Amino acid sequence: MKGKMKPIMASIIVFSLAFTLAACGSQSRTADSPSTPPADDYPNKPINLVIPFSPGVAGDTFSRTFAKIAEKYVGQPFVPVNKEGGSGAVGVSYMMSQPADGYTITYHSSTFAYTMASGQVPFKTKDIAPIASINADYQVLAVLKDSPLKTFDDFVQHAKANPGKLKVSGSQTKGTNHVFLYKILKEAGIEANYIPYDGGSKTLLALLGGNVDALVSSSSVVNQHVDSGEVRILAVTGSERAPNRPDVPTFKELGLTNIVDENLWRAFFGKPGIPQNRLDKLSKAFEQVIQDPEWRKFMETDQQIDFYKNTADFTEYFNKYVTDAEEVFKNLE
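Quick note on numbering: numbering that gives the first Met the number 0 labels position 241 of the sequence shown as 240, and the sequence is numbered without any gaps.
Hints were generated in silico from the structure; no laboratory data involved.
This one's a predicted model, so the numbers in the text were calculated from it and none came from an experiment.
It cannot be assumed that every hint is accurate.
As the list claims (entries may be wrong) - Result set (BS3-like, lysine-lysine): computed pairs, CA atoms no more than 30 angstroms apart in a straight line: (1) K280 - K71; (2) K182 - K319; (3) K329 - K159; (4) K149 - K185; (5) K319 - K280; (6) K82 - K67; (7) K144 - K67; (8) K251 - K166; (9) K280 - K251; (10) K319 - K123; (11) K67 - K329; (12) K71 - K201; (13) K144 - K329; (14) K280 - K201; (15) K185 - K164; (16) K283 - K296; (17) K182 - K329; (18) K166 - K329; (19) K166 - K149; (20) K185 - K319; (21) K71 - K82; (22) K125 - K251.
What the hints assert, rightly or not - Quick list of the computed label-pair ranges, beta carbon to beta carbon: (23) N43 - N210: 22 to 28 angstroms; (24) N243 - T64: 36 to 42 angstroms; (25) D100 - N161: 22 to 28 angstroms; (26) N43 - N243: 37 to 43 angstroms; (27) D323 - D126: 17 to 23 angstroms; (28) D39 - D152: 53 to 59 angstroms.
Just so it is clear, CB atoms sit at the ideal spot from N, CA and C, and this is done for glycine as well.
Please work from the sequences and hints to get the whole structure.
Have a look at this one:
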């Protein structure tokens, strides 16, 4: 009987020892796992880029051009998805319906910040995650070449002599152009009649057709017509004169200091909840695009200015931008 027990006891001892070692190994791996998380290989598939505008417009061209160049730095292609409508809300809503994994992002401009601040879209700053800002356009006050308003002072004096009679076109109500003109009028102590149009091209056509006395717009809207001599810029935003418009004064030079930074900026956003390391990967890749020769050529051709801010800096900037705009809209009619 004793002889038969020995093999059984030996088996029990071996099994117990194996179980104990396995348990120890499991505990060791469990203890180690928090400090050695699996590597994130993001992105490992194409990224959808939601463009909240129709194909062919300026925002669409910007998005597609930037995304194509960014592919070499991100390591995956971007798939443009046009979702226009609702002052950009349709595109953002679509992005929000997708997982917060960094595989669906969207483009937007400062105009969207104003539509948020004015309540035209059902979003707050907590509902969107800034990734990075990229570039900007100066905003301008411009007239036709044969306008009797030759300088900004002429514009001011005419407005004072004819309160509320000057007609100025711009894109959207309570958008970038509207706020821009509001600040001009407030600082100069004058009145004018703002005429909103649906988009920059219609804003320009109103001026070219003689339907308004002046326009406020981003520089990209008028650059071609300024170069051809049809349109004349009275003043531009910015702390220094635009390199491509050295003869045009800034509003800062003219004593209007509250609109130095009233540029039309462009940026990329994601859905809240995207892991921070993924936002940072995109932001760093986008910073590399800024220096890419192909992008520099695009910037020169379109006469735009750099406005890169990383995720942390742009988040702070964006939140303050919206908060400041909310204060403006308390007084803007």
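Does K166 sit within 30 angstroms of K251, going by the straight-line distance between their CA atoms? This hinted pair holds, its Cα atoms lying about 23 angstroms apart.
Is the Cα-Cα distance between K280 and K251 30 angstroms or less? violated (37 angstroms)
Given the hinted pair K144 and K67, is their alpha-carbon gap at most 30 angstroms? With a Cα-Cα distance of about 38 angstroms, the restraint between K144 and K67 is violated, given a limit of 30 angstroms.
Quick check: does the Cβ-Cβ distance between N243 and T64 fall within 36 to 42 angstroms? Once the Cβ atoms are compared, 19 angstroms apart, the range 36 to 42 angstroms for T64 and N243 is violated.
Checking one constraint from the list: CA of K71 to CA of K82, max 30 angstroms. Satisfied? holds (25 angstroms)
Sort out whether K201 lies within 30 angstroms of K280, counting only the CA atoms. Given that 30 angstroms is the threshold and the Cα spacing comes to 38 angstroms, the pair is violated.
K185 paired with K164 [C-alpha distance capped at 30 angstroms]: With a Cα-Cα distance of about 16 angstroms, the restraint between K185 and K164 holds, given a limit of 30 angstroms.
Range hint 53 to 59 angstroms (beta carbons of D39 and D152) holds or violated: With a Cβ separation near 58 angstroms, D39 and D152 satisfy 53 to 59 angstroms, so the hint holds.
Given the hinted pair K329 and K159, is their alpha-carbon gap at most 30 angstroms? holds (25 angstroms)
May I ask you to test the hint 22 to 28 angstroms on the CB atoms belonging to D100 and N161? violated (57 angstroms)
Run the distance test for K319 versus K123: straight-line Cα separation, threshold 30 angstroms. holds (12 angstroms)
With a cut-off of 30 angstroms on the C-alpha distance, tell me whether K71 and K201 pass. Cα-Cα ~36 angstroms, so violated.
Hint compliance for this structure: hints 7, 9, 11, 12, 13, 14, 22, 23, 24, 25 are broken, all remaining hints hold.
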